[in-house]
Amino acid sequence: MTPYNVSDDVIEVVRSPSPSPVAGAYRVFGETLRGLKTTFARILEGTTTIQYPEEKTPVYPRFRGRHRLHRFEDTGLEKCVGCSLCAAACPADCIRVVAAENTPENRVSAGERYAAVYEINLSRCIFCGYCEVACPFDAITMGHDYEMSDYTRSDLIFTKEMLLADAIERTPLRREGE
Amino acid sequence: MLPLAEVNYFEPWWVQIVKSLVIFAVIFGILPILIVYERKLLGRFQSRYGPNRVGPFGLLQPLAEIVKFAMKEPFRTATSVGVLFRIAPAISIITAVAALAIIPWGDVQHIFGQRVGLYGIDVSIGPLYVFALGGISFYGVMLGGWASGSKYSFLGSMRGAAQLISYEVAQSLSIVGVIITAQTLSLTGIVHAQEGMWYFIPQFAGFLVFLVASFAETNRAPFDLIEADSEIIGYFTEYGGTPFVAYLFAEYANMIVVSGLAVTIFFGGWLLPFGIHPPGWVDPFVVLAKILIVFSFFIWIRATLPRLRYDQLMSFGWKILLPLATLNLLVTAVIVVS
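Just so you know, the protein sequences line up as chains B and V, in that order.
According to this note's numbering, the residues represented by the first sequence are 8 to 185, in order.
According to this note's numbering, the residues represented by the second sequence are 751 to 1088, in order.
Since the hints were derived computationally from the structure, they do not count as laboratory data.
Here the structure is a predicted model, which means the values were calculated and not measured.
Among the clues, some could well be false.
[As the list claims (entries may be wrong)] Computed cross-link-like contacts, BS3-like style, restricted to lysine-lysine with a CA-CA straight-line distance of at most 27 Å:
#1 V/Lys790 / V/Lys822
#2 B/Lys44 / B/Lys167
#3 V/Lys769 / V/Lys790
#4 V/Lys822 / V/Lys769
#5 B/Lys63 / V/Lys1069
#6 V/Lys790 / B/Lys44
[Said to hold, decoys possible] Label-pair restraints from in silico Cβ distances:
#7 B/Glu38 / V/Ser1088: 34 to 40 Å
#8 V/Gly805 / B/Glu38: 38 to 44 Å
#9 V/Gly990 / B/Ser130: 34 to 40 Å
#10 V/Gly805 / B/Asp162: 31 to 37 Å
#11 B/Gly53 / V/Ile1043: 20 to 26 Å
#12 B/Val140 / V/Ile982: 52 to 58 Å
#13 B/Arg34 / V/Trp1068: 19 to 25 Å
#14 B/Ile57 / V/Ser770: 30 to 36 Å
#15 V/Ser770 / B/Arg34: 46 to 52 Å
[To be verified] Residues from chain V that keep clear of chain B, each with C-beta distances beyond 10 Å, as calculated:
#16 Glu761
#17 Ser797
#18 Ala814
#19 Met892
#20 Thr934
#21 His942
#22 Asp974
#23 Ile1070
No residue lacks a Cβ here, since even glycine has one placed at the ideal position from N, Cα and C.
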């Protein structure tokens, strides 16, 4: 076995020939001017900032924001029948459904049963959209709202009434081709 | 015995006091506006707005920041050296403000039958006065770093002092060409000598050297490795609150001084091109507008060039700027004599 020779591992780095002082100074000066031109072009271009609280980024139609529960438009009955399939599908385990029977006096949903309690803990939700896929009646869909920050964790547990209600401020939707 | 310097003044003492108060108040009123202007312009260079939330157009941003700084706990390290730690920022800001005294804002005017020169004082040693105060301002850096009692601050102040000293040489040599052309050291005299042509055309090499050295003297990008906010530690690491604001204001006051010096020496002070002679009260605004243009160029450079490495900084100062300034001086001297 041949002894280890350190110089075998040394690789010569190929460098371009260093310019003469005059050429180097000229190059530095020229490149500086080119840089100044580049930054000045940014002023002429204008800004790309979105002034967030006043101006919101429009979302795509399939954007998965906060959940919405839906009613039938003609009868006003809730679409949700309290089957808990969404809760079963939820990987973050953030949906809680307690079902109750519909009675002729108190008819809430179109099916046999309805969701007496429907809560989504948005501090746990990962916005995967599995609940929307699992729902056999399209009762729950993912909305477009993304402004959900709050001061306490308990405020982030959304109840059925909050999920059924329209958003206070609607998130702008991205136009075709935008 | 020769006098140290001839000071031309003919106003009564109260006019002198009023003049100094006006210059001080105007400059310190402008400083916060310049700070917000810099941040907004820098934002535009980077395709963003800059501060626009506090007050109309974000103009109250510096006020908010000063209030924030003033509310801070006056912290000092246990190893800091009492008095020196406190007076170091004061030295920085005093030298910066004192240098403002000789920037000429206009010619001698007749106000209420009184001859008033629109400048603090007109000394016969002009630029030397600025460089002398610049020399004293090293103590603000050195003492600040040393009295902090922190090794990093100390190393930062050493680095800073080395940078300031090496670039002061090139800066002072670069304007000697102008001085021997104008045959005077008085700044008003230099402005009067530029009535035919502003000196940045015949003294272009000197102008470039002066400009580059000024960036280093005022710790501006690309030579801002005295403070080097993001990676290495500068001399005012241990400072917070109002002493830190003092350093910040000293830096911006120094920028006004250097811009004013550049305007006075190379851009004809209060003179306007194409033979326009406005009335005397316009002169300070002309100087102010020119200073603002030079200041904007400082910001433009800051938005463009990345920071130099320390050895590059040193070799650039001593191997390129100093020979260039000397060559400019020699060529000018030969032309003036022959």
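Hint check results:
Distance check on the hinted pair: V/Lys790 and V/Lys822 sit about 26 Å apart at the alpha-carbon level, within 27 Å; holds. This hinted pair does not check out: B/Lys44 and B/Lys167 have alpha carbons roughly 58 Å apart, beyond 27 Å. With a C-alpha separation of about 31 Å, the suggested pair V/Lys769 and V/Lys790 falls outside the 27 Å cut-off, and the hint is violated. Under the criterion of a C-alpha separation no larger than 27 Å, the hint pairing V/Lys822 with V/Lys769 is inconsistent with the structure, at around 34 Å.
At roughly 54 Å between alpha-carbon atoms, B/Lys63 and V/Lys1069 are farther apart than 27 Å, so this suggested pair is violated. This hinted pair checks out: V/Lys790 and B/Lys44 have alpha carbons roughly 19 Å apart, not beyond 27 Å. Here the CB-CB span from B/Glu38 to V/Ser1088 is close to 37 Å, well matched to the stated 34 to 40 Å. Taken as a hint, the range 38 to 44 Å holds for the pair V/Gly805 and B/Glu38, whose Cβ atoms sit roughly 39 Å apart.
As the Cβ distance of V/Gly990 to B/Ser130 is approximately 36 Å, the hint placing it in 34 to 40 Å holds. Restraint check, V/Gly805 to B/Asp162: a C-beta distance of roughly 32 Å satisfies the suggested window 31 to 37 Å. Between B/Gly53 and V/Ile1043 the CB atoms are about 22 Å apart, so this pair conforms to the stated range of 20 to 26 Å. Taken as a hint, the range 52 to 58 Å holds for the pair B/Val140 and V/Ile982, whose Cβ atoms sit roughly 54 Å apart.
A C-beta distance of roughly 20 Å is found between B/Arg34 and V/Trp1068, which places it inside the suggested range of 19 to 25 Å. Checked against the given bound of 30 to 36 Å, the beta carbons of B/Ile57 and V/Ser770, roughly 48 Å apart, lie outside it. Taking 46 to 52 Å as the suggested C-beta distance range, the pair V/Ser770 and B/Arg34 conforms, at roughly 47 Å. The claim that V/Glu761 is not at the interface with chain B holds, since no C-beta of that chain comes within 10 Å of its own (minimum 43 Å).
At roughly 5 Å from the closest C-beta of chain B, the C-beta of V/Ser797 falls inside 10 Å, breaking its exclusion from the interface. Look at V/Ala814: its CB is around 18 Å from the nearest CB on chain B, clear of 10 Å, so calling it non-interface holds up. Taking the minimum C-beta to C-beta distance to chain B, about 31 Å, the non-interface status of V/Met892 holds against the 10 Å cut. No beta-carbon of chain B comes within 10 Å of the beta-carbon of V/Thr934; the shortest separation is about 32 Å.
The beta carbon of V/His942 sits about 32 Å from the closest Cβ of chain B, which is more than 10 Å, so the claim that it is off the interface holds. Non-interface status of V/Asp974 relative to chain B is upheld: no Cβ of that chain comes within 10 Å, the nearest being about 16 Å off. A beta-carbon of chain B is positioned within 10 Å of the beta-carbon of V/Ile1070; the least distance is around 7 Å.
Against the hints set out earlier in the document, violations occur for numbers 2, 3, 4, 5, 14, 17, 23.
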